[in-house]
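Protein sequence lines, in the order shown, are assigned to chains A and B.
If you're matching positions, the first sequence starts at 1 in the numbering used here and goes up one per residue.
If you're matching positions, the second sequence starts at 1 in the numbering used here and goes up one per residue.
One should not assume that every hint holds.
List of simulated lysine-lysine pairs, DSS-like, C-alpha gap at most 30 Å [to be verified]:
no. : chain 1 : residue 1 : chain 2 : residue 2
1   : A       : Lys118    : A       : Lys179
2   : B       : Lys15     : A       : Lys7
3   : A       : Lys57     : A       : Lys72
4   : A       : Lys7      : A       : Lys179
5   : B       : Lys2      : A       : Lys196
6   : A       : Lys7      : B       : Lys2
7   : A       : Lys196    : A       : Lys162
8   : A       : Lys179    : B       : Lys2
9   : A       : Lys56     : B       : Lys2
10  : B       : Lys15     : A       : Lys196
11  : A       : Lys196    : B       : Lys38
12  : A       : Lys116    : B       : Lys38
13  : B       : Lys2      : A       : Lys118
14  : B       : Lys2      : A       : Lys57
15  : A       : Lys118    : A       : Lys165
16  : B       : Lys2      : B       : Lys15
17  : A       : Lys125    : A       : Lys7
18  : A       : Lys165    : A       : Lys179
19  : A       : Lys125    : A       : Lys141
20  : A       : Lys56     : A       : Lys125
Rather than coming from a laboratory, the hints here were simulated on the basis of the structure.
Each chain is listed here by its residues.
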Amino acid sequence: MTLLLGKKVGMTQAYDSEGRMTAVTVLQAGPCTVMQVKTPETDGYRALQLGFEDVKKSRTKKPLLGHAGKAKTTPKRFVREWRLDQDEQVEYAPGDAVSVSVFEGVGYVDVAGTSKGKGYAGVMKRHGFGGFLASHGTERKHRAPGSIGSHASDRGHGGNLKKGKRMAGRMGGVRVTSKNHRLLLIDAERNLLVVKGEVPGPTGGYVEIRTSRTRRQTQT
Amino acid sequence: MKTEILDSVEARHLKPEVPHFEVGDTVDVHCRIVEGNKTRVQVFNGTVIARSGRGINETFTVRRMVGDEGVERIFPLHSPNVVDIRPLRSGKARRAKLYYLRKRSGKSVRLAQRHSDHMVRK
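Work out the full structure, taking the sequences as your base and the hints as a guide.
Here you go:
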């Protein structure tokens, strides 16, 4: 299990070995700095805290400046933790750099980011409801959700709406993890990762890249 | 910066050398075809009526008449399955897209020959 922080550069296309075109996403991954090493004695659990991309000193609050100073580095914009197992060896000290080379030999990665905000969306877009017919007498409810419960329905709580009923509302702008992206290229020189498929969030959005946990890590 | 990075990632998949051909040229496109576990090369001959896109996304359209039915194929220029493109005859074209050829049949489909030096010499 490995974590690296990065930024979405954009998407392009690539040919695979059989000559098929695939959509790929280019990620600027690292170099990250180890901000803190958490231990059971001091923090109750084991973790590495990584930071990505410098912030101007004048734009930082003093506590963050002090936190970064402990690792003898500059404050970072994007800080996340990499939780370690009980028996996992820590080979990093605060201030160390972590680069894309940690993904050497890794076949698949999970990428987490904040998805693009869609605003206030209806049920068809937000939950994939079917809507109603365009014609045949349908009036003013083409994209409506339909019935949301009856007067004294048991499926609700005696006349109340069932909790968690899917309705219209804010969509997007939440943390999304997209799993099992084939890792196509590691460019150690420019700190780039190229993964297959699309990744949550806009171009320039911050992402967390992890080794995939649900997929066998064989590179084929 | 963003475009630079994307272009450099793309560049790995571009062909180092693409034969020079223009809209209006008659070309032979050598296309790799996989049938079960056998691969063979098929040749598609016709007139280039359009080129579009840039970088890895660049494609060209080849039109030919089979009997009296027009057949068009769009090839990605940098696809590994497009093995070779051989320009045979250069045609005079006054526009970038020769879509007007679709409405024509018989003798009027022909383009006047232009003597260009990028043709394959036999």
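So, going through the hints one by one against the coordinates:
1. Among the hinted pairs, Lys118 of chain A with Lys179 of chain A is consistent with the structure: their alpha-carbon atoms are about 22 Å apart, no more than 30 Å.
2. The straight-line distance between the Cα atoms of Lys15 of chain B and Lys7 of chain A is roughly 29 Å, inside the 30 Å bound, and the hint therefore holds.
3. Distance restraint check for Lys57 of chain A and Lys72 of chain A: the Cα-Cα separation of roughly 14 Å lies within the 30 Å cut-off, and the hinted pair is therefore satisfied.
4. Distance hint between Lys7 of chain A and Lys179 of chain A is fulfilled; the C-alpha atoms sit about 17 Å from each other, no more than 30 Å.
5. Simply put, Lys2 of chain B and Lys196 of chain A have alpha-carbon atoms about 18 Å apart, close enough for the 30 Å limit, and the pair holds.
6. Note on Lys7 of chain A and Lys2 of chain B: the hinted pairing holds, with a Cα-Cα distance of about 11 Å set against a maximum of 30 Å.
7. Annotation: proposed proximity of Lys196 of chain A to Lys162 of chain A is violated, straight-line Cα distance about 40 Å (limit 30 Å).
8. Distance restraint check for Lys179 of chain A and Lys2 of chain B: the Cα-Cα separation of roughly 24 Å lies within the 30 Å cut-off, and the hinted pair is therefore satisfied.
9. At roughly 22 Å between alpha-carbon atoms, Lys56 of chain A and Lys2 of chain B fall within 30 Å of each other, so this suggested pair holds.
10. Using a Cα cut-off of 30 Å, the hinted pair Lys15 of chain B and Lys196 of chain A holds, with the two alpha carbons roughly 21 Å apart.
11. A C-alpha spacing of about 28 Å is found between Lys196 of chain A and Lys38 of chain B, which places the hinted pair at or below 30 Å, so the restraint holds.
12. Restraint check: the Cα-Cα separation between Lys116 of chain A and Lys38 of chain B comes to about 45 Å, which exceeds 30 Å; the hinted pair is violated.
13. The straight-line distance between the Cα atoms of Lys2 of chain B and Lys118 of chain A is roughly 24 Å, inside the 30 Å bound, and the hint therefore holds.
14. Simply put, Lys2 of chain B and Lys57 of chain A have alpha-carbon atoms about 26 Å apart, close enough for the 30 Å limit, and the pair holds.
15. As the CA atoms of Lys118 of chain A and Lys165 of chain A are separated by approximately 20 Å, the hinted pair is consistent with the 30 Å bound.
16. A hinted pair counts as satisfied when its Cα atoms are at most 30 Å apart, and Lys2 of chain B with Lys15 of chain B qualifies at roughly 22 Å.
17. Straight-line distance between C-alpha atoms of Lys125 of chain A and Lys7 of chain A comes to about 27 Å, which keeps the hinted pair within the 30 Å bound.
18. Taken as a hint, the Lys165 of chain A and Lys179 of chain A pair is honoured in the structure, with Cα atoms around 27 Å apart against an allowance of 30 Å.
19. Simply put, Lys125 of chain A and Lys141 of chain A have alpha-carbon atoms about 15 Å apart, close enough for the 30 Å limit, and the pair holds.
20. For the suggested pair Lys56 of chain A and Lys125 of chain A, the alpha carbons sit about 40 Å apart, so the restraint of at most 30 Å is broken.
Against the hints set out earlier in the document, violations occur for numbers 7, 12, 20.
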